[in-house]
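A.B. asks: Here is what each chain is made of, one letter per residue.
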Amino acid sequence: DQQVKQNSPSLSVQEGRISILNCDYTNSMFDYFLWYKKYPAEGPTFLISISSIKDKNEDGRFTVFLNKSAKHLSLHIVPSQPGDSAVYFCAATSSSSGGGADGLTFGKGTHLIIQP
Amino acid sequence: DTEVTQTPKHLVMGMTNKKSLKCEQHMGHRAMYWYKQKAKKPPELMFVYSYEKLSINESVPSRFSPECPNSSLLNLHLHALQPEDSALYLCASSQDPSLSYEQYFGPGTRLTVT
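In order, the protein sequences belong to chains X and R. Under my numbering, think of the first position of the first sequence as 1, with each following residue one higher. Under my numbering, think of the first position of the second sequence as 1001, with each following residue one higher.
Calculated directly from the structure, the hints in this document are not laboratory data. Cβ coordinates follow ideal geometry from the N, Cα and C atoms, glycine included. Any given hint could turn out to be false.
Residues from chain X that face chain R, not an exhaustive set, calculated with beta carbons under 10 Å [said to hold, decoys possible]:
hint: 1; residue: Ile18
hint: 2; residue: Tyr32
hint: 3; residue: Lys38
hint: 4; residue: Ala41
hint: 5; residue: Ala91
hint: 6; residue: Thr93
hint: 7; residue: Asp102
Chain X with its partners taken away, still in its complex shape (with noise of 0.2 Å):
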């Protein structure tokens, strides 16, 4: 059962606009939600990420929104560029797990074209 999913696996944006990509989460216990960018044959790096005391958080061209009633998550990426092109993954965890580190639960990632 899958507790993170992203249900677009690509998504095709003309360069310029706003790229939006969406996530969805089940378990109640994330409390902590992240957002990575892949190239291919490279590892995750880390974009951006939100507490659930907050519902928006921004860095540069990139705000994550958070809404926790609807266990929904998105990333805007404004304005989009070539270099955005790349499969981005959304991520959660709880902070639940009394002070000790924990792994982090990935959505099965979407595929981001940014058009010339």
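Starting from the known structure of chain X, arrange chain R on it as the hints suggest.
C.D. replies: Same frame as chain X, now just chain R:
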């Protein structure tokens, strides 16, 4: 410096071989992780080390044996693997687990079992 290094980049091994994957970070992070990623799938957690102690083992077969010799190094010892174990093996690290949840990944080791 947010670099996690992994060696080797590629590894081909037979089912009777013994090999090891190595991961290193010098960011002072106190948690380190092994993930396995099959083609067109998300990374899946295998092991977590917190303050050099194994804290999570996600029911991984005993042919995979992790080791954390010190706070900067993480090894994954491989023995008698199966062809279905072929995958990208990713190492990650994070700061004090009680303070931060961001994990930083290495480039991975592409493993092929023949």
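A.B. asks: Now tell me if each hint is right for this structure.
C.D. replies: Cross-check of the supplied hints:
1. Ile18: violated, 25 Å
2. Tyr32: holds, 5 Å
3. Lys38: At about 9 Å, which falls below the 10 Å cut-off, the nearest Cβ of chain R leaves the hint on lysine 38 (chain X) intact, so it holds.
4. Ala41: holds, 8 Å
5. Ala91: OK, holds: alanine 91 (chain X) within 10 Å of chain R, min 8 Å.
6. Thr93: holds, 5 Å
7. Asp102: holds, 7 Å
Of the numbered hints listed earlier, the single one contradicted by the structure is hint 1.
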